Each structure stands twice: as C-alpha cells, then as structure tokens.
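Please construct the entire structure, taking both the sequences and the accompanying hints into account.
Number of protein chains: 2
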Amino acid sequence: MFLVSEFDLIRRHFTRPTHHTDLGVGDDGALFRLRPGMQLVVSTDMLVEGTHFLPGTPAEDLGWKTLAVNLSDLAAMGAEPRWAVLAVALPDADTAWISAFAAGFFACAEAHDVDVIGGDTTRGPRNLCPTVFGEVPTGQAITRGGARPGDDLWITGAPGRAALGLAAQQGRCELRAAHQESCIGALQRPVPRVAAGLGLRGLARAMLDVSDGLLGDLGHLLRASGTGAVLDATALPEAELQAACGAPELARQTLLHGGDDYELLFAAPVEARPAIAALGARLSLPMHRIGTFTARTGIELVEVDGSRMPLTPRGFDHFA
Amino acid sequence: MFLVSEFDLIRRHFTRPTHHTDLGVGDDGALFRLRPGMQLVVSTDMLVEGTHFLPGTPAEDLGWKTLAVNLSDLAAMGAEPRWAVLAVALPDADTAWISAFAAGFFACAEAHDVDVIGGDTTRGPRNLCPTVFGEVPTGQAITRGGARPGDDLWITGAPGRAALGLAAQQGRCELRAAHQESCIGALQRPVPRVAAGLGLRGLARAMLDVSDGLLGDLGHLLRASGTGAVLDATALPEAELQAACGAPELARQTLLHGGDDYELLFAAPVEARPAIAALGARLSLPMHRIGTFTARTGIELVEVDGSRMPLTPRGFDHFA
Chain A
1 MFLVSEFDLI RRHFTRPTHH TDLGVGDDGA LFRLRPGMQL VVSTDMLVEG THFLPGTPAE
61 DLGWKTLAVN LSDLAAMGAE PRWAVLAVAL PDADTAWISA FAAGFFACAE AHDVDVIGGD
121 TTRGPRNLCP TVFGEVPTGQ AITRGGARPG DDLWITGAPG RAALGLAAQQ GRCELRAAHQ
181 ESCIGALQRP VPRVAAGLGL RGLARAMLDV SDGLLGDLGH LLRASGTGAV LDATALPEAE
241 LQAACGAPEL ARQTLLHGGD DYELLFAAPV EARPAIAALG ARLSLPMHRI GTFTARTGIE
301 LVEVDGSRMP LTPRGFDHFA
Chain B
1 MFLVSEFDLI RRHFTRPTHH TDLGVGDDGA LFRLRPGMQL VVSTDMLVEG THFLPGTPAE
61 DLGWKTLAVN LSDLAAMGAE PRWAVLAVAL PDADTAWISA FAAGFFACAE AHDVDVIGGD
121 TTRGPRNLCP TVFGEVPTGQ AITRGGARPG DDLWITGAPG RAALGLAAQQ GRCELRAAHQ
181 ESCIGALQRP VPRVAAGLGL RGLARAMLDV SDGLLGDLGH LLRASGTGAV LDATALPEAE
241 LQAACGAPEL ARQTLLHGGD DYELLFAAPV EARPAIAALG ARLSLPMHRI GTFTARTGIE
301 LVEVDGSRMP LTPRGFDHFA
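Chains as they are written, first to last, in the working numbering: chain A, 1 to 320; chain B, 1 to 320.
According to the in silico footprint, chain A covers these stretches of chain B (three or more CB under 8 Å from chain A):
(1) 19-31
(2) 46-55
(3) 126-140
Chain B regions said to be covered by chain A (calculated; three or more residues, Cβ under 8 Å):
(4) 73-81
(5) 111-120
Hints are computed from structural coordinates only; laboratory data are not their basis. Please read all numbers here as calculations on a predicted model, not as lab measurements. Just so it is clear, CB atoms sit at the ideal spot from N, CA and C, and this is done for glycine as well.
Shown next as structure tokens:
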C-alpha cells in the first residue's frame, strides 16, 4: 500500500471511454443529452462499511454490488440504465483495493451499457455513493402507486437467498454445500433485474425492488397504492431456501423478511398472466405469482389449510 | 435525541414541493425532463466529517454549504441549477441536528430554484453526498479546456477569505473584528457564483470553481487547456485579506493556496473585458483580472518590481 494523489487515483481507476456521453470524467460536471421523448430517472443509494457490508468484503464483489443495487432502482422503474457517477470516501489509498473495486464496478457498468461519467474521491470512513441515471419513454415509468384490488402480486427470481447467505456468513445457519455458492453469490454479486424491468413496461401497474425485505417493501407498495394484499403460502418460492438451510421456519422468515436480493415485486392485472409467463420464459427468470391485491388494507397470508394470518412488515430500517 | 424511522426522517425533513419535476421523493427513482435544446450537467461532491468539516460545525450552515459547493460546480460550467438528490449517512437520528441541516440545505435549494427530488438516509459516520443537475443550452457549457495564450485570467469575488476563516478557527491567526464575520461566513456559508456563471456564457472560454486553492485549480485549467499563465502581483485581490489578518505573507499564501471559497476562475479573450466589467457591475460582484494565459506552460508571478518568480500549485489533495 502506498499513497498516490487523488487525481491520479481518479485518472487511473475510474476513467474509461464512454459511449453515449458528451463530456465524461475530468471537468466540474459531466454533460449528456436525453434521447427524444425520454424522461430521466435518477436514483442514489449509499453503501456504508459496517452498515451495508462487512469489513473484508472482497473489493471486486463490492464494486459490482455498489452499482448493481443502484441499477436495481432503475430496473424497478422500468428504466434503461445509461449513466452513473460515483462518489467514494476511502480510509487510505490502497491501490490494490481500489483497482479491484473499480474492476467490479466497471464489470457491472459494462454489462449494462452504463457510462461512468464522473465522481469524487475523498478520504474518510469507507462509503460508496453512486448516483445512477436511466431513460424511460415519457409517461411509461412504473411507480409504486398503481396497484389495484384484484391485481396479481408477483415477484421475480429467487428471493431470500441473499439473507440466507448473510445468515450463514454470520454463523446463524449452515448451508448445504450445493447451495452455498448460490446464496453467497446472491448476497455479494446481486443481478439487477434490468431486462425484466424493461419487459414489464406496459404489463406491471406498480413495481419496486426488494432491498429491505419482501414484506417491508410490499408495505411501501401497498401504502403508495392504497391497497392491501393476500399472500398465498402455497405459491411462495420457499423450496430452494428450505433445501439450502434445511429449516422450514428459517426459510419462511428469510423469504418474508430478508433483504438485499433486489428481485422485483410488482402488481399486474390478471389478463397480463400469459405475457408475464412468456417474459419469464424468454429471460429464463422465474416469475412467481404469490398473491392478490385487495381493497382491504393490510397483509394476510393464506396457509395451505386455508387458515388466514395477518402479517406485519418488519423490513430493515436504519434508524429503528 | 430519540430514534425515529428512516422513512419518517425522509418524509419529515427532506420532502418539500417541487416545481419542475415529474416525480420527486418517495419512489425507487425520481423523474424529470430536460427543456428542449438543453444538455444535462451532473456533478457530485461528498462532504465527510473530519475531512471537509469539523465536528460541531453548525448543522444549518453545513446544510447550506453541502448544497452550495455542489451548485458551484454547475456554476463553473455555466449551467443553471435545477435538481438535486441527497444521500446522507448519520451516526444517529438526532432530529434537532437533522432539522437544522435540512433547513440550511433547503434554504440554499430555494435560493437557487433547485428541486430536491430524492435521496437516501442511512446509518454511518457522518457523510453528506449530494448529486446536482443543471441545464445548459447544448454546446454552451464552459469547460476547463478552452483557454488560449493571450487570454485574460480572471477571478470573481473575494478569494482567500474562507481559508483565513479556517486559519482563525484553528488558532493559526487572529482576525480583526471587522473581518471575522466575512471570513467565517465565506467558510461556513459560501455563495455559489451561479449568476456569474450564467452571465459568463459566451464570454469565458474556460472556467472552473476554486475549491482546492487558486494555484492548484489554475493548474487544472492550464493542463486541460495546454497553456501556462503569468499572474500580476499588483492585481491580486489581497488588500482585504491583509486588512483582516494584518500579515502580508499569510494573506498572499492564503490567496494563492487557500481553498473552499468557490469563486470562479476563468479565461476570456481581451475583447470581453468591457462585457465582464459590466457583468460584475450588474451583479455587484468584483471581477479581478489577475493575469494572462501564455503559450509557455507553468505559472509565473510578476512582482511589483517586475521580477518574475515561478509558482508551484499545492492545492489540497486528499491522498497526497
């Protein structure tokens, strides 16, 4: 480890060619234009060491995740990721760490055709703060507020794996060997559901990404839409989680309350079922229809035996 | 101090009406459109406790400064500030602190017609990370790379006061009573030169804002433009600094190397002198013509007696 200048750091590790940007890294600001008929979608999510990731997290994975969790917010709006800026505070100029972090960050950027157009590098407790920009045809963004009673409630992919990976890392459970890579991978290198988000434009009426836990984030969707929901226990994608940890109750809790998976949770009208199934098949991405939106507020779970149980969100809150 | 939920924090302190935004705080992303013929200008600057501000800095001043230093980057591009997002890490949910910080942040936003459209609140060592957005007519942004030999070198306002204010706060000098408010004010509530930046479109050929020190930032301008510069000691705005601290050598060093003033440093052709003087008069903002750009690289200072001295930038670098 040796100290190099901030300007060298930026130049060496965070400056790469751009593809759809008028002016990138190196001036007081970056410059770009929107394509005609497009709205800009903006999101920012800060990752803090000790709060969002453990000290010692592999830098390349962390670089990937730092951008991925931000792109997930664009996916959840049905937007196409286009640009990103990155502000970072680092305790020291450990060039090996920075180089690995940048490799992961740019791997995620290049996988999604995102131009990295600027940022800021400063000294301080490790903190990674990207702001990301996407485009969506004007009026077609999928917000949280459009769900209606009678709509289906869907979730993509394999929710719960990241929380199970974290539980295993923290020694709270043991994962069977065949499932370790999947769960740790979901935690450390989440895949933002960008293609799914784009494919759901015109199908989903309301959407968000699950970062704080399925029930907690469902609560946001319900509040914004002024609806409730009934979940169908038989439709919850628990089998893989049960197989991974061998504990049905932990699997259930992980599925309902675990965060950090970045799956998309969305509302769609009943008539969209065939199109959603076709989208899932095209993307090789499971689409789970796990419930129904209701006029009555609150969340209920219908068990296999038909019994109903009220559920309370307890997603992650940094100040609660 | 008591703990409240993250969502309450955001709702209570960081959600205010917007004026030119399609969707503000509360969804996965914010939505806005550019006016026709406009480019978007984006900048982000992170402020870290202990690096950029001292613990105990008044929260309302800090809120103002957090946005102001970011708007300064837009001003330096000749852009009109329009939108901002704000990610913050806080060690605790001290609502009095947050309320005061938000008051200062929104005071600066409202003074510049900036819509605050989103953000992120999380727990961690205190870190404030806005990203700001401005608009500029396509092709009219003022970058760092356009200065030509023979151009005048200008700086706005009263550079050096913030560094003198910091020196006084740290006990490195004593300020005369009549100058304390001006210097501490420049440090704690800097005024981004937005109107000057807009007025300099079509006049300035290259520009940046002075955050790291006049010479250090001049070095960036010279490198980007491939030129050198000669500074005229008789034209340097030192009188107020000398009057404030009573030490000519400290005044000179503060002027040349002190940062954090957010004045605009720019290149303009000789024929723009009358228009720049008129702009200064209209804005009641001093415009100091302090030197000339040269084909020969490097920076020289011409003293009152005609002697020439090479100068070396030593602006602030977080990792040097």
